[in-house]
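Colleague: Residue strings, one per chain:
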Amino acid sequence: MLEQIFQFLVTGITVGSIYALVGLGFALIYNASDVVNFAQGEFVMLGAMSAIALLAAGLPLPLAAIAATLLTALVGLLLERFAIEPAKGASVITTIIITIGAAIFLRGVASLLWGKNSLPLPAFSGNEPIQLGGATLLPQSLWVLGGTVVLVALIHAFLNRTLLGKALLACSVNRAAAQLVGINVQIMLRLAYGLSAGLGAVAGILVAPITFSSYEAGIMLGLKGFSAAIVGGIGNPMGAVAGGLLLGVLEALGAGLVSSGYKDAIAFMFVLMVLFFEPTGLFGHKVAERV
Amino acid sequence: MRLTGFFIFAASVALLPVLFPNNYFVTVVGIAAGLHVILAVGLNLLMGYAGQISLGHAAFFGMGAYASAILTTRFDWPGLLAMLAGLLVAGTIAWLLARPILRLRGHYLAMATLGFGIIIHVIMVQATHWTGGPDGLGEIPPLNLLGWTVDDDQQWYGVIAAAMLLSIWLSLNMIDSRIGRALRAVRGSEFAAQMMGIDATRAKTQIFVVSALFAAFAGSLFAHQQAFVSPDSFSLIISVELVTMVVLGGMASTFGAACGAIALTLLYEGLMVFEDYEMLIHGALLMAVMIFLPQGLFVGLSQGIRRGWTLIASRQDVQDARKAIQS
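Chains A and B, in that order, give the protein sequences. Under numbering that gives the first Met the number 0, the residue at position 22 of the first sequence is numbered 21, and the numbers go up by one with no gaps. Under numbering that gives the first Met the number 0, the residue at position 270 of the second sequence is numbered 269, and the numbers go up by one with no gaps.
Chain B with its partners taken away, still in its complex shape (with noise of 0.2 angstroms):
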């Protein structure tokens, strides 16, 4: 069945705080792996499957989490309403950013989006009366859900654990859709795309509009949990992070890049312990997987595992000619 895959894994997720109730890693680690597999998951639609990089994936992120935290606490909105206004914002900039953008390629949309998640962060940084500026903006109240306060690190896992599955199911759902089929042809080849009667710019308009909005959900929950956003959470290193995620998980697959978030926030927990290191060993692992494994671990991985097994298949095969043949 299509969904196995995505059952198996939300049955493990719904598992885990059973399994290990009050643990650091499930609740605290759980909860950062779970925003970070929303924002891959979305930006892996963008990079795997419209085959356009984003560099500047972070300030739609940011959107979100500033437009929830400043109307939640200088206007007094109710969470919910600041959230879909943050996704109103991300949208729709996305929206206007998408044509002249997307129509550059390669190391040119590169620095088109690295320069645009630049700008975004410096507002962050210098428009200290609506952001707080480089001290960030506090006190942002706990999310309220049509009455039910979410409140606790437990409650916190699971919205967000309920938050990162329904991105999935979307992505999975968005693939396998007339878009998502648009999209993959317009990777291939957007010419022939074109010739095959597809509106490749309004395919790749709607899919970044779709990914910054993942972003900016994303962001919404990311303000309300930690109840405090600065410009830090936002950078350009960020969205290098994020990008990572999805090219260490493998592009164009929904449980690569998931896998990818997972992975890099473990790892970035792990690293914690060697801090002095962690630079040195982050940049040598980008590079060595990169270098060793280009379609990233999920995928290779898999691949290298079907490719043993069907070797072994054969394999066996060959065995039960030969018999068949000695008998």
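The following block holds chain A by itself, in its conformation from the complex (with noise of 0.2 angstroms):
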């Protein structure tokens, strides 16, 4: 039963990293833009079908998936330009269906391009699972839990030790002193749509081994990471990769020891029961609302 229990402890956080990078995404481009973006698991799918693309094209596997980290990047910046500029200052609302018509154009060209099946990619170094005390894992298991942290720590690092992050960070604080202080503002919600794509990209491209990819893929793996970053509290990009990890390890518990078909219900309630009990998530900071 322990060795049960570690096992769905080691998958959760599997799924859970990815879904930390996804809700990463979603805090940087929310923090510079005040944009809940749909379209974040779209990147994910792009980056894992692009890099699936490149690979058949022959080229080899380290190139293929950065070429298209940059691919999806140069999409998340199009997406800025295109799409959410000319809607600025639009409500809520609006935002957030020009974000879903977004994710539904891009899974409309994924489909196009690569048509409608689910596509591998191999792993990056074999399939022969490694014994962990009594749980199994995948070597890709370790390169995705690798990559998390990496790309965690760059990210910490980047918004607070760089001037071009803190520079970023600013602009969520106040965008007009921002403004005053000289920050180029409009550049600034570019390179956090770009950043927050090209991390979708790279976590899609870490998982697509283990979950293959195709056009849809994208849509559960977009709402997970909102969800763990609403849990985290939605401005706060570590909470959001706390809230991803927490997401994922609940979801394998629930999946192993409760049914594996409910297991997206069961995120969904833990994220319904933070809402109603802790609105602002359970790692953010407490606002008082302004009337």
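Everything labelled a hint here was simulated from the structure, so no lab data went into it. A hint or two may mislead.
Unchecked claim - Here chain B is said to cover these stretches of chain A; the calculated rule only asks that three of the stretch's residues, wherever they fall, bring their Cβ under 8 angstroms from a Cβ of chain B:
#1 96-106
#2 189-199
#3 263-269
#4 273-280
Backbone N, C-alpha and C fix where the C-beta goes; we use that ideal spot for every residue, glycine too.
Grab the two chains, each in its own frame, and use the hints to assemble them into the complex.
Modeller: Here it is as structure tokens:
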């Protein structure tokens, strides 16, 4: 029983890492622009699908992964430039619909380019399972975990140590004030979208060998990432990471101990409970509402 | 007169099958459009007038449909009674959910309603014993209205058109009632509304329940009309489509929502020809409308026409004035 629970934990942390990365992408965009980007999951899908396509076109795996990430980052930039910027100052509902529209559009593009089947990406370093204290672990899970740790550390350092990162944070605190001290807010917004899209793409590439990918693989991943961001407190990047891990573990435990069919329901039930009782998130700052 | 628009709309709905008898676009597409209008008008009460987004409205639509499907096939309940039961279930759940969920705002509310929709959808897929699981539930008997059985497309068109007109009429009246005015005040500023003595929570709860009832009503009709229900008809995508209808037509306008529902139904019908490009066009269109006509097609266009009209009228005035000066 204990071994089983350990196994669920391992699975949960692997899945949770992906949710954490997607949630981090949500938080970056939300911080910079107050927009919840419902196309975040599509970035994950685009990263995985374009890496698969580039690999099939003959590129070696590392190169395909890098090219796919840059390509997805470019899509993020374009999304900001051509869909979010023109609608500046729109209401919350309007921006939600715009990003939902973008998600459907990107899904449509992907299904045209790569068809509707699930496609695999080969594992980075073989499929020989590793035994770890009674639990089995795919080598790819280690890639996911390692990749997440590195990316989260990089983003954390970027936001807190570099001038560019601090400028991005400044935009999230007060856009007008940031503009006044000479930060080009427009560029910062594009940076946030590009960064967030690239982050999503990496998450997609890391997990594709385990879960495969298809044109609609982004829907659930995006929603879980959004949930992670909400559980963590929506404007808090590191909270989103914690929220993602928590959600992943809970989901794996729920799937293992209760019912695998109900795992999504369990995850969202948890999100609802958080929203009802701790609406600012488990790791968020308390904010007073302005009238 | 306040209801002029309504009577013109009602007359054209009644005339369509007379002008085009047995036309595919009138009976088949018309029935789908009518159901969508009921759903969109109900959702518009919540989104347009109370200013609350719901990305899980398909759940209430599904509750009505599954209540009718399960009660009529497994327990041999008469259709109308099953419909009432569906309304009761959806209304009760909405009422229980309203207080905690409507305390949330903006993105939080979007997430919560979305999560609720997914939970209900998962139950529809997983509770195979009751719902038939992903394969759905078939052989739902035709609706029997006090001895009259609705069974062909023409009759269904009539029933659904009547139901649609009823819901538009209800919506128009509700907006002009005390609760409608209270809601508009809440939407303007919840704080100010409360200072005026409006119980904002109560007003929002009531409209959430009403909007769920509209959806469950449409769901029951849908189940009988299709004679088959499956979870696919109540997924997240459907919730998004419903929101799109309301926003596309123009929020805070009953006819806007109705037009949005009809326009989108026709669009889906048209896009079927393009099969592979359907998603692409759908997504691009959504973005384009929201970027360029954020108040929606119906409201945006009618405002444009009005503005154009005043412009022409004012030019006329200027010309008249010039003539008066010259003479």
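Colleague: Could you run down the list of hints and mark each one as holding or not?
Modeller: Cross-check of the supplied hints:
A count of 10 residues in the segment 96-106 of chain A with a Cβ less than 8 angstroms from any Cβ of chain B is obtained; the coverage claim is therefore met, three being the minimum. Taking a C-beta to C-beta cut-off of 8 angstroms, the segment 189-199 of chain A contributes 0 residues in contact with chain B, too few for the three needed, and the coverage statement is violated. With a threshold of 8 angstroms between beta carbons, the proposed coverage of the segment 263-269 of chain A by chain B holds, since 4 of its residues qualify and at least three are required. Residues of the segment 273-280 of chain A lying with their CB closer than 8 angstroms to a CB of chain B number 3, which satisfies the three-residue condition for coverage.
Against the hints set out earlier in the document, a violation occurs for number 2 only.
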